[in-house]
Amino acid sequence: MNLPARLKSFNTPLILVAGVLVIALLTQLLGIPLLTRIVTVMFVSLMLVLGLQLYMGNSGILNFAHIGFMGIGAYTAVLFTMTPKAKLLTNSDLYPFLVPLHLPFLPSLLIGGLVAALLAALISYPLMRLSDAAAVITTFALLVIIHVVLLHSDRVTNGPRTLFGVDFYTTLWTSVVFAVITIFVVYLFKESRIGLRLRASRDDRYAAASIGINMVTMRWLAFIASAFIAGVAGGLWAHFITSFTPYSFYLTETFVILAMLVIGGPYSVTGAVVGTLVVTAAREILRGIENYVNILNIFPDGFFGFTEVVLAIVLILILVYRPTGIMGSRELTWPRKQPQVKEKETLKSSGKA
Amino acid sequence: MINLEFIVNTLSLGSLYAMLALGLVIVYGILRLVNFAYGELIMVGGYTMYLLAGFTPLPWFVIAILAIVAAMFTSLFTELVAFRPVREKSLTAMLITSFAVSTLLQNGALLIISPRARAVTLPQLFQTSVMIAGTSIPWRNILTILTCILTLTLLTLLLRRTVLGIALRAAADNFTMTRMLGVPANTVISTAFAISGIMAGIVSIFFISRSASVTPTIGAPPLLVAFVATVIGGMSSLTGAVVGGFVYAIIISLLGVFLPPGLLEFREAFMFAIVIIILLFRPEGLIRSKTTGERVG
Chain L
166 MNLPARLKSF NTPLILVAGV LVIALLTQLL GIPLLTRIVT VMFVSLMLVL GLQLYMGNSG
226 ILNFAHIGFM GIGAYTAVLF TMTPKAKLLT NSDLYPFLVP LHLPFLPSLL IGGLVAALLA
286 ALISYPLMRL SDAAAVITTF ALLVIIHVVL LHSDRVTNGP RTLFGVDFYT TLWTSVVFAV
346 ITIFVVYLFK ESRIGLRLRA SRDDRYAAAS IGINMVTMRW LAFIASAFIA GVAGGLWAHF
406 ITSFTPYSFY LTETFVILAM LVIGGPYSVT GAVVGTLVVT AAREILRGIE NYVNILNIFP
466 DGFFGFTEVV LAIVLILILV YRPTGIMGSR ELTWPRKQPQ VKEKETLKSS GKA
Chain F
-7 MINLEFIVNT LSLGSLYAML ALGLVIVYGI LRLVNFAYGE LIMVGGYTMY LLAGFTPLPW
53 FVIAILAIVA AMFTSLFTEL VAFRPVREKS LTAMLITSFA VSTLLQNGAL LIISPRARAV
113 TLPQLFQTSV MIAGTSIPWR NILTILTCIL TLTLLTLLLR RTVLGIALRA AADNFTMTRM
173 LGVPANTVIS TAFAISGIMA GIVSIFFISR SASVTPTIGA PPLLVAFVAT VIGGMSSLTG
233 AVVGGFVYAI IISLLGVFLP PGLLEFREAF MFAIVIIILL FRPEGLIRSK TTGERVG
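Here the protein sequences line up with chains L and F, keeping their order.
Whatever position you read off the first sequence (first residue = 1), add 165 for this note's numbering.
For the second sequence, counting from 1, position 26 maps to 18 in this note's numbering; every step adds exactly one.
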């Protein structure tokens, strides 16, 4: 692809960013606290889903460990932003060398992402050789391992108990800025040489190998980038929620972000964005119904699980009737630019020559 | 530490895990589907026992049979409604479907029954022990071992002596070829899901008797065990699944004895690390059979 064509293809991320900014502005203008909360969390989820898309969409391999790296990023960032006093207040057993660490918000987020990426780089290289069911079981195993380690590392994570006293840093606009950056990063990755090679290996691993693509390395790089994004998103989420446990980073969350990506369409960046918007909206409406029924107090044991049941049914229906998600592998582009005129030109020029 | 009690406990745990792994492998062998919803079949069995034991005067033996039947029908139903339509599409679609089915069943139980644990009444036999050679052995453990022997015998007879069983084994070996020879795919796959459900039902009786209660999330730990046992045994071999189940029980019991107390809580992490190592260096499992999946590099 030559340079002008590349620039033209940039209208996809620009449209997506415009969409994100419109939603953010509307939220800001409306100024409803609940809506602001929902939209902020949505943009953090968007970052997570985009990170997942970066690996899953380009390599075609399911990744269950994504939320695990989010957890690692969250706990790491929190260790740096909390004051020594606050840390000891929530977890008096903390390893002594962790207590004096203290940095501003942004560097802490980056460190969270880097630690997640570093761990991913160390662990995942051999795993990248596996495909299909073996890949699924190993990433699932990785999620379980990360969860068990977080759960029982009392002196770092406060174990299964809630870690509280985290400062609130992630405002609506913080999450918007990070979501916008991630849209560009993920889109650029997809169009980059690595992304292109990875997609080639996804479509036909033998053909890709035969033209000299090192599939394992390409997958590995994508996995690291994906873990980095998950780590930063974890840090953002932690400084929005301000208290959490290792259970926040396990199967329920994994199901939600997988549902977002699969419903939207795992093979395109637009799909990740659309899926996040649609699923967030659906979840909030369903949750509203669930809460309303709970207030009515019809059921003695409460009315729980309704949201997940509906979401699971929708996910199955999507897989049955539209297995490539709402967007398929299409990206949103400006519809009017058709290359017809240009084709004529090239025909003419080739005729002259 | 390695005494009669330890041996019987490990054997009974191994029997349980072997049946658990068999149920997962029988579907995997044919469809290459790692069924995440398998654990929820155990939950279905558990809730059936809770409802029948609590609200009907049926004798316990009948309740146990009905629990197995309920798990079997749930398994068949999920196959019909969710897995059959996505079967032809892609492996990834099928895997995500099974994850969705698992979430659906789990939250369905949450919604319909309760998020709280429900006590399951069990017969006296499950709480009593018998003295053998000076050590007290719970009847439950002996029953688990006996049931496992019986189930494995029946399953072997089914797989070796009946046309259906032979078709099933042929399909596990080469599904496309089997279909070309005129074996209807739907029958074979439904049978595999039925057997998977029966296994989950049998396991649910013994698994739930350990805690005597059932919760919506009770399916998760046995599912993880089944994953590990299956990988150890080589994913697509039925013999391998049985061996994998016993190996898992032996490893976990030995870890329980020899791991220092500080590391004991990381036992699960150790087991899953073993899984990753096995998949990397011996993807065909400890029992050699057909390869698990394509590996690059």
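Bear in mind the hints are in silico, worked out from the structure with no lab data behind them.
The beta carbon of each residue, even a glycine, is placed where N, CA and C say it ideally should be.
Treat each hint with caution, since some may be false.
What the simulated footprint calls covered on chain L by chain F, stretch by stretch (three residues with Cβ under 8 angstroms from a Cβ of chain F suffice, anywhere in the stretch; the number is not a length) [what the hints assert, rightly or not]:
(1) 415 to 426
(2) 477 to 488
Among chain L residues calculated to face chain F with C-beta under 8 angstroms, some are [unchecked claim]:
(3) 255
(4) 257
(5) 261
(6) 283
(7) 287
(8) 292
(9) 295
(10) 298
(11) 314
(12) 471
(13) 474
Do the hints match the structure? See the list:
1. With a cut-off of 8 angstroms between beta carbons, the region 415 to 426 of chain L has 4 residues touching chain F; three or more are needed, and the interface restraint holds.
2. Counting residues of the region 477 to 488 of chain L whose beta carbon lies closer than 8 angstroms to any beta carbon of chain F gives 7, which reaches the threshold of three, so the coverage claim holds.
3. Interface restraint check for residue 255 (chain L): the shortest CB-CB distance to chain F comes to about 21 angstroms, outside 8 angstroms, so the restraint is violated.
4. Here the hint on residue 257 (chain L) is broken, as its CB sits about 19 angstroms from the closest CB of chain F, past 8 angstroms.
5. For residue 261 (chain L), the suggested interface contact is broken, since its CB lies about 18 angstroms from the closest CB of chain F, more than 8 angstroms.
6. Look at residue 283 (chain L): its Cβ only gets to about 18 angstroms from chain F, farther than 8 angstroms, so that hint breaks.
7. Interface hint at residue 287 (chain L): violated, since its Cβ lies 13 angstroms from the closest Cβ of chain F, which is beyond the 8 angstroms cut-off.
8. Of the supplied interface hints, the one on residue 292 (chain L) holds, with its beta-carbon coming within about 7 angstroms of a beta-carbon of chain F, less than 8 angstroms.
9. Interface restraint check: residue 295 (chain L) against chain F, minimum CB-CB distance 6 angstroms, threshold 8 angstroms, status holds.
10. Annotation: interface hint on residue 298 (chain L) holds; nearest CB of chain F at approximately 5 angstroms, less than 8 angstroms.
11. Hint status for residue 314 (chain L) relative to chain F: holds, with the closest Cβ pair at about 6 angstroms, below 8 angstroms.
12. Because the beta carbon of residue 471 (chain L) sits about 6 angstroms from the nearest beta carbon in chain F, less than 8 angstroms, this interface hint is met.
13. The criterion of a C-beta within 8 angstroms of any C-beta in chain F is met by residue 474 (chain L), whose closest approach is roughly 5 angstroms, and the hint holds.
Comparing the model with each earlier hint shows violations of hints 3, 4, 5, 6, 7; every other hint is respected.
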